[in-house]
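Just need the whole structure built from these sequences, with the hints factored in.
Spelled out from the first residue to the last, the chains are:
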Amino acid sequence: MSRGTLIDLLYLVSATTFILALKGLGSPKRARLGNGVAAAGMLIAIVATFFKQVDGHSLYHVSLIVVAMVIGVVIAVPTARYVRMTAMPQLVAIFNGVGGGAASLVSITEFVRIHSTHPATYVTLEVLLGVLIGTVSFSGSAIAFAKLQELMTGRPVTYPGQQVINGVMGAAGLVLIVIILATGQTALLWALLALSFVLGIAFVLPIGGADVPVLISLLNSFTGLAVAASGFTLGSNLLIVAGTLVGASGILLTRLMSKAMGRSLSNVLFSAFGSVVTASGGAGPDARPVRSGSPEDAGVLLSFASRVAIIPGYGLAVAQAQHVLRELAEELEGKGIEVFYAIHPVAGRMPGHMNVLLAEANVPYEQLMELDEANSELQTADVALVVGANDTVNPAAKDDKSSPIFGMPIINADLAENVLFLKRSMRPGFAGIENELLYNPKTTLIFGDAKDTLTKIVAAVKSS
Amino acid sequence: MGNALLQYATVLMLTIFVGIEIIAKVPSILHTPLMSGSNAIHGVILVGAMLVLGSANSTLETVLGFLAVLLATLNVVGGFVVTDRMLEMFKAKPKTPRAKSDEVAS
Numbered sequence: 001m002s003r004g005t006l007i008d009l010l011y012l013v014s015a016t017t018f019i020l021a022l023k024g025l026g027s028p029k030r031a032r033l034g035n036g037v038a039a040a041g042m043l044i045a046i047v048a049t050f051f052k053q054v055d056g057h058s059l060y061h062v063s064l065i066v067v068a069m070v071i072g073v074v075i076a077v078p079t080a081r082y083v084r085m086t087a088m089p090q091l092v093a094i095f096n097g098v099g100g101g102a103a104s105l106v107s108i109t110e111f112v113r114i115h116s117t118h119p120a121t122y123v124t125l126e127v128l129l130g131v132l133i134g135t136v137s138f139s140g141s142a143i144a145f146a147k148l149q150e151l152m153t154g155r156p157v158t159y160p161g162q163q164v165i166n167g168v169m170g171a172a173g174l175v176l177i178v179i180i181l182a183t184g185q186t187a188l189l190w191a192l193l194a195l196s197f198v199l200g201i202a203f204v205l206p207i208g209g210a211d212v213p214v215l216i217s218l219l220n221s222f223t224g225l226a227v228a229a230s231g232f233t234l235g236s237n238l239l240i241v242a243g244t245l246v247g248a249s250g251i252l253l254t255r256l257m258s259k260a261m262g263r264s265l266s267n268v269l270f271s272a273f274g275s276v277v278t279a280s281g282g283a284g285p286d287a288r289p290v291r292s293g294s295p296e297d298a299g300v301l302l303s304f305a306s307r308v309a310i311i312p313g314y315g316l317a318v319a320q321a322q323h324v325l326r327e328l329a330e331e332l333e334g335k336g337i338e339v340f341y342a343i344h345p346v347a348g349r350m351p352g353h354m355n356v357l358l359a360e361a362n363v364p365y366e367q368l369m370e371l372d373e374a375n376s377e378l379q380t381a382d383v384a385l386v387v388g389a390n391d392t393v394n395p396a397a398k399d400d401k402s403s404p405i406f407g408m409p410i411i412n413a414d415l416a417e418n419v420l421f422l423k424r425s426m427r428p429g430f431a432g433i434e435n436e437l438l439y440n441p442k443t444t445l446i447f448g449d450a451k452d453t454l455t456k457i458v459a460a461v462k463s464s
Numbered sequence: 001m002g003n004a005l006l007q008y009a010t011v012l013m014l015t016i017f018v019g020i021e022i023i024a025k026v027p028s029i030l031h032t033p034l035m036s037g038s039n040a041i042h043g044v045i046l047v048g049a050m051l052v053l054g055s056a057n058s059t060l061e062t063v064l065g066f067l068a069v070l071l072a073t074l075n076v077v078g079g080f081v082v083t084d085r086m087l088e089m090f091k092a093k094p095k096t097p098r099a100k101s102d103e104v105a106s
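The listed protein sequences derive, respectively, from chains C and X.
Here our numbering is used: the first residue of the first sequence is 1, the next is one more, and so on.
Here our numbering is used: the first residue of the second sequence is 1, the next is one more, and so on.
Worth double-checking, as some hints may not be accurate.
Stated by the list, open to error - Listed next, the in silico EDC-like pairs over lysine to aspartate or glutamate satisfying Cα-Cα at most 20 Å (straight line):
(1) C:K23 to X:E21
(2) X:K25 to C:E370
(3) C:K442 to C:E417
(4) X:K25 to C:D372
(5) C:K52 to X:E21
Think of the hints as simulated: they come from the structure by calculation, not from any bench.
Spelled out as structure tokens, the structure:
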């Protein structure tokens, strides 16, 4: 067997591991194994590539390749290892962005190379598509990162005619591709690059912070497609398989995610969701009475309950309060009170994010209940403790047809005897929608930082 | 050229269906790790970046290729490590729920 065939065979093994890995990632038991299998497959492909012959010669610049890889590893490992779990979504965004950037650079380099070896007018479509999609993914991910990291506002950034302008830019990109195909001018490639960069930013700006995870999933899928395009350019089945796999599954995953939020994908992408604070009900929201209490009141109420449902949301993670929360739960269990957690599928900033955060705080897995189970258990709960959640317990999703979140499945906190609502202020949640639950007579509001308040509640429970 | 293109297009079509089929029934708690895992998989662009840098003939190509390898390495390594860290949280929870509490509490 020739060396080339052997390498192609190894690429085939590698592509197979990627398929097996994605399959494994779909089941809780085999997910970690799946990830390991993919990593092993990746290593095989990378090592094999070092021995590959390109146009009849071994790879040039091997030392440069190694240097770039070492720099990459030195930056990536500590970043991935030690960034706080709450910052995970932005981390995925940035790693996706650099992948898109790499795909775009590969396509650009190929364009430059093809230009120096072929007649001036020879260009291929896939090179240009790789540049367009890869760059959109790169700059879009950068903005998504900035939004999640709160380097810029998480609210949708809108301006008049936004969707029209974006549409025109997208169309201009396609026209530019056609012109480049016809004329083969290198200068226009840079124009395409610049346009794609701006398009990525403009596409992401109107998407609100709450929807950014869905967007990251979509950009992830874009990067996959850009990689597949590079695969066509370089004539690599491995890149085509891996890229297409991610591209296709990513689009489906994106749809599943928006479905979990009770919305359609186009609604997520184009409605600038959460830009307007909608006040439901006629009266001005500020004028309506709410009942608020002290952490001590909450401690007493909890101490005399027999079943407590904890409903965590992203605010819990922001306040880094998951460990104190577990402490509270253990304190209550010590008093013979039954505690369970009601986890909304989109609690946190990504589906499943909350499970990860609570697992990190060593909350026992069997205390976590998913939406349907939690809702049937809530009827028998004495207290529902809402910590840092808001939109996921908003009854407007059930009652108010005009509400933007109408139709989203929610946790029915109001089924419990009492609701304790830990909240920073009366400000509406991520989606910017007034929450009727705050005005429910069952509800007691406890204002303050979640971690602070929970610490005080723990003390109150201990002393009562 | 025509034949090769047709072969790539065949692979593309088949893979689209595979990609859609294998994740059709994923529980929502695994959406995040799945996204992160597939993020790592498209880091295979590193192979492409290596080939591009490995056949660079001019300074411009070398610089672009170098950057591509660097970014792709970030994608691959970061992607797999983050995913593993997420999935670590899911393992064997019912049996050893407090196994790591000392570490976390500190």
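When you check the alpha-carbon spacing of K52 (chain C) and E21 (chain X), does it fall within 20 Å?
-> violated (33 Å)
Distance restraint between K25 (chain X) and D372 (chain C), which requires alpha-carbon spacing of 20 Å or less = holds (18 Å)
Holds or violated: K25 (chain X) with E370 (chain C), Cα cutoff 20 Å?
-> holds (16 Å)
Does the structure keep K23 (chain C) and E21 (chain X) at a Cα separation of 20 Å or less?
-> holds (9 Å)
Starting from K442 (chain C), check that the Cα of E417 (chain C) is at most 20 Å away, please.
-> Since the Cα atoms of K442 (chain C) and E417 (chain C) sit roughly 7 Å apart, the hinted pair holds (cutoff 20 Å).
Hint violations for this structure: number 5 only, all remaining hints satisfied.
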